[in-house]
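**Student:** These protein sequences, in sequence, are chains F and X.
Going by this note's numbering, the final residue of the first sequence carries number 453, and the count climbs one at a time with no gaps.
Going by this note's numbering, the final residue of the second sequence carries number 299, and the count climbs one at a time with no gaps.
I should point out that these hints are in silico values taken from the structure, not numbers from a laboratory.
Ideal Cβ positions, reconstructed from N, Cα and C, are used throughout, including at glycine.
Treat the hints with caution; some may be incorrect.
As the list claims (entries may be wrong) - If you anchor each label on the Cβ, the simulated ranges turn out as follows:
| id | chain 1 | residue 1 | chain 2 | residue 2 | range |
| --- | --- | --- | --- | --- | --- |
| 1 | F | D369 | X | A153 | 44 to 50 Å |
| 2 | X | A164 | F | E335 | 38 to 44 Å |
| 3 | F | E446 | X | S132 | 23 to 29 Å |
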Amino acid sequence: MKKKKFFALVTAMAMVLGLAACGSSDTPAADEGGTSDESSTVTAFKIGTLGPLTGGTAIYGQAVANGAKIAVDEINAAGGDIQFEIQSEDDTNDPEASVNAYNTLMDDGMQMLVGPTTTGPAQAVSAVAYTDRTFMLTPSASSTDVIDGKDNVFQVCFTDPNQGTAAADYMAENMAGAKVAVIYQNDSAYSQGIRDTFVAEAGVQGLEVVWEGTFTKDTATDFSVQLTAAQAAGADTLFLPFYYQEASLVLNQADAMGYAPTFFGVDGMDGILTMEGFDTSLAEGVMLLTPFSADAEDERTQTFVQTYQDQFGEIPNQFAADAYDAVYILKAALEASGCTADMSAAEICEKLVEVMPTLSVDGLTGSGMTWDASGAVSKAPMAVVIENGVYVLP
Amino acid sequence: MEFLSYLISGVSLGSVYAIIALGYTMVYGIAKMLNFAHGDVIMVGGYISFCAISYLGLPSIVAVLLAMLVCTVLGVVIEGLAYRPLRSAPSLAVLITAIGVSYLLQNAALLLWGAGGKSYPSVVSGALQLFGGQLSISYASILTVAVCLVIMAALSAFISGSKLGKAMRACSEDKGAAQLMGINVNATISLTFAIGSALAAVAGVLLCSSYPTLMPTTGSMPGIKAFTAAVFGGIGSIPGAFLGGLLLGIIEALAKAYISTSLANSIVFAVLIVVLLVRPAGLLGKYVPEKV
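Can you build the whole structure from these sequences, using the hints too?
**Tutor:** This is the structure we're talking about:
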């Protein structure tokens, strides 16, 4: 008897936790009604965001959901002709779960998708969105596989090839004679993609790559072997095309062994300075490519950072800024195409696909962003160096 | 010199696997169940000590003790709520429950502490420099190996020498018979979990001191590797866990250095398969034939 009660209690607790988790992902949609009552003729467009809200990569999905919500709130509060209703779903960074979550959004009447956040799920969902004819704008899935051959899929972030090429060009131009070692995560499409184009462009530019090493999600704790080997190969520049959690370990372990090359990261390095407990002095002199810096002086960035901090208690990263831009890009595209909220997802999709190559949008992550018909964005990656704990232009 | 440096990397990594494997093997040896939530208790231990040091400003030794206390309670609660009701259920049901508990802990940590990585303030910092700085061994690794040896000796002595240890061995051999002999099986298994979870807290602190990124998933992969180490050394055998952990770390580091960083994991598991083919019970495990 007693045992049964215990079990019931545990089950009940699990269910409550489960419900709590659902609740939090639904909240962005909840505070809608108040803002759209200005003019009764305006009905809101339904957009959805997709990304990991739970699990190891939840920081990205949450940033996307939060960033998009801020943009939607701003647009609705301004009360123009275009109003949005937003719903955020969790895909746990799993392609299958992402397709399911996409279907949930479609069932709930979504007309345009801001997502998925990560590359793997985005590849899966883009195929479905292409057949369904749903307009898809991913804030942050950077692989070209996401947009290849799909006319209705667009990106806000720059593509992996773009980053790898830009990094190699930058090094060839500004760090002449550098001996570069590359450590990359070979079970991540993102990391592998950047590495491939980096190495190819390094060959074109005559940049010397002296050593290459890999790690996987499962071996991402110990980098001392890779670092020792890179040091032994005489590398004075270390290219790190992966995310900041692993990069913080690399910096820590390199420091512990007294190896101090120039570290060069890509947009995944963004976030390292706000990592709780991280000794930012280790990141001194680290270079990275990033489209967004929370320390930027312009008013729009500052307002965004302030609002984000007030609402979510964190400094927004590049993913949040990408999602924020994504919503404004949709707004610009809807205005240009003259879509109305009563149109179906497929009708909107055809109209938006037509106008996307004609747009030029100023956002937090780049001014004058334009798109070609393939769906890739054109904006300049910016190289910054970390000095005294902030990004500065070198 | 590089070889020595790779070897040291391997020993550092291996000692972390070993200390986690001790907890796995201890619980398996006594309760005959794979506690897949062990890695996540380690993560909780890491977070508790992180909070104690960073938010409360407690000295690290107090933080470690606090983490041990919280994890011990957590371990006993998990055992009481999730595993005890399934004592007579098939072992598959318990295994699945353990995986469920693992996810529960990960997602609870996600709610409590957020998804972002936290950088762990090192409990022991610095490194021992040898040969004029050509070789460096971090104090965290030395401490991990030392703590591992102490725990291994203490556990072996406790299990073979004390009365409670005897009760544990009896439960391990035959729960029913142990109960008939007047041993409180439930209390004994709870005690096993309490000790295993306290060990997990220590492992958490040492893991995070050596590899200082703390995330809700921090414990899961080292946990699985440590489980492999425990099987490698002979699951249920305490010296086996230590040996298995160290060997696994060294093989991984040398494979990364001399063969291929991409193939390191495949090589580790290939070695595991070969060892299990030759010695099905692991390096130091006892093979007990089943009488039918």
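**Student:** Run every hint past the structure and note whether it holds.
**Tutor:** Status of each hint after checking the structure:
{"no.": "1", "hint": "F:D369 <-> X:A153: 44 to 50 Å", "in the structure": "holds (48 Å)"}
{"no.": "2", "hint": "X:A164 <-> F:E335: 38 to 44 Å", "in the structure": "holds (40 Å)"}
{"no.": "3", "hint": "F:E446 <-> X:S132: 23 to 29 Å", "in the structure": "holds (24 Å)"}
This entry satisfies every hint, going by the numbered hints stated previously.
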